[in-house]
Amino acid sequence: MINFDLVVELIKSDLKTKYKNSILGFLWIIFEPLFLMFIIYIVFNRFMRFNMKNYPLFILSGTTLWRFFVNTTSQSLHLFYRNRELVLKVKIDRLILPLSLVISNLIITFFEYLIYIIFYIIVTKSFPLVFLSFIPYIIVFSFFLFGLSTILSVTYVFFRDIKAGWDILVQALFFLCPIFYPFEYVPYKFIHIYLLNPVAVYIIGVQNILFYSTFPDTTVMINSLFFSIIFSLFGYLFFNIFEDRMVKSL
Amino acid sequence: MNRNFVVSLKDVSLTYYPNIGFFKKKKIEALKNISFDVSRNEFFSIIGANGSGKTTLLSIVSKILKPDKGTVRVYGNVSSFLGLGIGFNPELTGKENIFLYGTIMGFSKKYISSIIDKIIDFSELENFIDMKVKEYSTGMYVRLGFSVAIFTKPEILIIDEVLAVGDIHFQRKCLEKVESLKNEGVTILFVSHDMGMITRFSDRVALLDEGELVKLGDPEEVVSSYLSRKENDPIKNFIRRGSREVEITDIICENDIYSFYERKNISFKIKYKKNGKVEKAIFGFAITDQFSNVICGPNTYDYEGKYIDVKDTGELYFSFQPLNLNPGKYYISVAFYDIFNRFPYDHIDFASSFEVVGNRKTHLGFVKIPVSWKL
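Protein chains in written order, with our numbering: chain F, 86 to 335; chain C, 837 to 1211.
One should not assume that every hint holds.
To be verified - With a Cα cut of at most 25 angstroms, we get these calculated SDA-like pairs of lysine to any residue:
1. K101/F - K902/C
2. K968/C - F300/F
3. K945/C - D178/F
4. K945/C - L171/F
5. K931/C - L335/F
6. K105/F - K902/C
7. K902/C - N168/F
8. K931/C - Y266/F
9. K931/C - F89/F
As the list claims (entries may be wrong) - If you want the ones that stay clear, here's a sample from chain F, every Cβ over 10 angstroms from chain C, calculated:
10. N88
11. F111
12. F135
13. V175
14. F196
15. I200
16. P221
17. F259
18. F275
19. F300
20. F311
21. D329
22. V332
Source of the hints: derived by calculation from the structure; they are not laboratory data. Each residue gets a CB set at the ideal place from its N, CA and C atoms; glycine is no exception.
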């Protein structure tokens, strides 16, 4: 049975330390994604003359989810190392650590998307009701992230090399996701391979809901659910198999 | 079910594999076939040198680690203090950390809210409770941790070393609390290096040596056999660095217990050999308490303005009276350094140890300094 009071306390402690000591505090949540959006916009729209309607909004809808993914997974690598005292000296359900990591990042992401929605309303002067489906959709994505983070955090304890490998993979994935170009640009014959990248699938899903204001189509929806179930189940099993060995190696 | 024991271990073994890699496989057998039972309401202590497996054993009883072999049965809910203030976030205030640490110890938020005043009261940190914990001293940190932890309602309490930190006044308060828990029927598993505390409180003592249970029984008997064992122990658990141009080959402690009654010096004999072309060197030693605080570090140059003429093989002696030290266990580091006292030829931390005993009050801090008062 998961101790939810502990999850809440860990998330509170994490968020407080992230924003308490900086002068801008919570404003960073707005500033960070806007800055990334600004750079991509300048490079692709102004330098490379890439034209698309509401291009800044498009970028923002993708980068926000991307940052959720990158921040969570990169923090997950050191997760058990950083908290080795908690792992080695008290009896807690250790899955609480990746769980609260994901939820704490989810909360930040949620605020970032609120900012996005405000911009959307200002630019298009409309609020499509389909936006409401974003909430269940981001939760589905969080399950995927929870599974992946658990796998990464356990593996890192055994193989430190995974960090270098992961950094390279993340860089490649950035270009393999429709963040600064729309999914329609992917040639038809590559689409099936392209959709094997879970992060791309979720970004397409979020863009469908929050940028094109439509429901994701069946393929995207099925893939989203599939990755979410497979990764969270596998992460859970992986953790249960390797937990004892991991604790002894810490 | 008829049973009079609450903890029961049978043939428990655990092996660590540090250096995880494809080719190198080192293994450390932390525990080898340990079996014992602890009765209800017993004060059961475990002693042994560093690395003998005490903490691993407590972790297994706490269900933090699973043994590779053997069975562990624990009847009743367990509270483990394997460290105090585990999971404290230094960026948060004392009060916020009470909630964080409390939930880590398994309290509900509601329960913490209901006892928070008692916790703050016990910790005697009223004036600092809204301050960030990173500004706390080690003593305050531990005090806050203990004050939260002690509000668990365990049937079995597991304590590893933690009571020895903090000032004397608070230490005594903690011990009183532990004693009162025992009077309420709590079973206690206890690890400490403080032999005085062990003999005073324990009903039974277990002695571990390199993962083996070598003796179990009457406190006085086990403690004295542990202390006598240590004397003919070769150098163990030390941390060593340096170029080895001068190499320490042996360190012999001629009497490793200092008693305030006898006031006999503690003396050490060092044997060394020369491997390089060194002619002169500085020799020094340091006294460290069991929490790695360096008490002092005399060397031949600082104290006497002298270098040592390094021979091919040689011996040297030093002795001192630890007059101002609190009773307790201390470690000796020994080292040869170059004449600028910068590069170690051979530096061994925790090379040897001695114990200060005597029916004398402990004082606050590490040492007692000569003071003149005008009252």
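Going down the list of hints, with the structure as the test:
Distance check on the hinted pair: K101/F and K902/C sit about 34 angstroms apart at the alpha-carbon level, beyond 25 angstroms; violated. Simply put, K968/C and F300/F have alpha-carbon atoms about 47 angstroms apart, too far for the 25 angstroms limit, and the pair is violated. Straight-line distance between C-alpha atoms of K945/C and D178/F comes to about 17 angstroms, which keeps the hinted pair within the 25 angstroms bound. Note on K945/C and L171/F: the hinted pairing holds, with a Cα-Cα distance of about 19 angstroms set against a maximum of 25 angstroms.
Restraint check for K931/C and L335/F: not satisfied, since their Cα atoms lie roughly 30 angstroms apart, outside the 25 angstroms limit. With a CA separation close to 39 angstroms, the supplied pair K105/F and K902/C exceeds the 25 angstroms bound. For the hint linking K902/C to N168/F, the alpha-carbon distance of about 19 angstroms falls within 25 angstroms, and the restraint holds. For the proposed pair K931/C and Y266/F, the alpha carbon gap of about 49 angstroms is over 25 angstroms, so the pair is violated.
Taken as a hint, the K931/C and F89/F pair is honoured in the structure, with Cα atoms around 20 angstroms apart against an allowance of 25 angstroms. Distance check for N88/F against chain C: the nearest CB is about 7 angstroms away, which does not clear 10 angstroms, and the non-interface claim fails. Against chain C, the non-interface label of F111/F holds: every CB pair exceeds 10 angstroms, the least being about 16 angstroms. With a closest Cβ-Cβ approach of about 43 angstroms to chain C, F135/F is found to remain outside the 10 angstroms limit, as its non-interface label requires.
Distance check on V175/F: its Cβ comes as close as 5 angstroms (rounded) to a Cβ of chain C, failing to clear the 10 angstroms threshold; non-interface status is violated. The claim that F196/F is not at the interface with chain C holds, since no C-beta of that chain comes within 10 angstroms of its own (minimum 20 angstroms). The beta carbon of I200/F is kept farther than 10 angstroms from every beta carbon of chain C, the shortest such distance being approximately 25 angstroms. With a closest Cβ-Cβ approach of about 28 angstroms to chain C, P221/F is found to remain outside the 10 angstroms limit, as its non-interface label requires.
For F259/F, the condition that its CB be more than 10 angstroms from all CB atoms of chain C holds, with the nearest at approximately 31 angstroms. Non-interface call for F275/F relative to chain C: holds, since the shortest CB-CB distance, roughly 36 angstroms, exceeds 10 angstroms. The beta carbon of F300/F sits about 39 angstroms from the closest Cβ of chain C, which is more than 10 angstroms, so the claim that it is off the interface holds. With a closest Cβ-Cβ approach of about 33 angstroms to chain C, F311/F is found to remain outside the 10 angstroms limit, as its non-interface label requires.
Against the 10 angstroms criterion, D329/F falls within the reach of chain C, whose nearest CB is about 5 angstroms from its own CB. Under the 10 angstroms C-beta cut-off, the non-interface status given to V332/F relative to chain C is violated; the minimum distance is some 6 angstroms.
Consistency with the previously given hints fails for numbers 1, 2, 5, 6, 8, 10, 13, 21, 22, ordered from lowest to highest.
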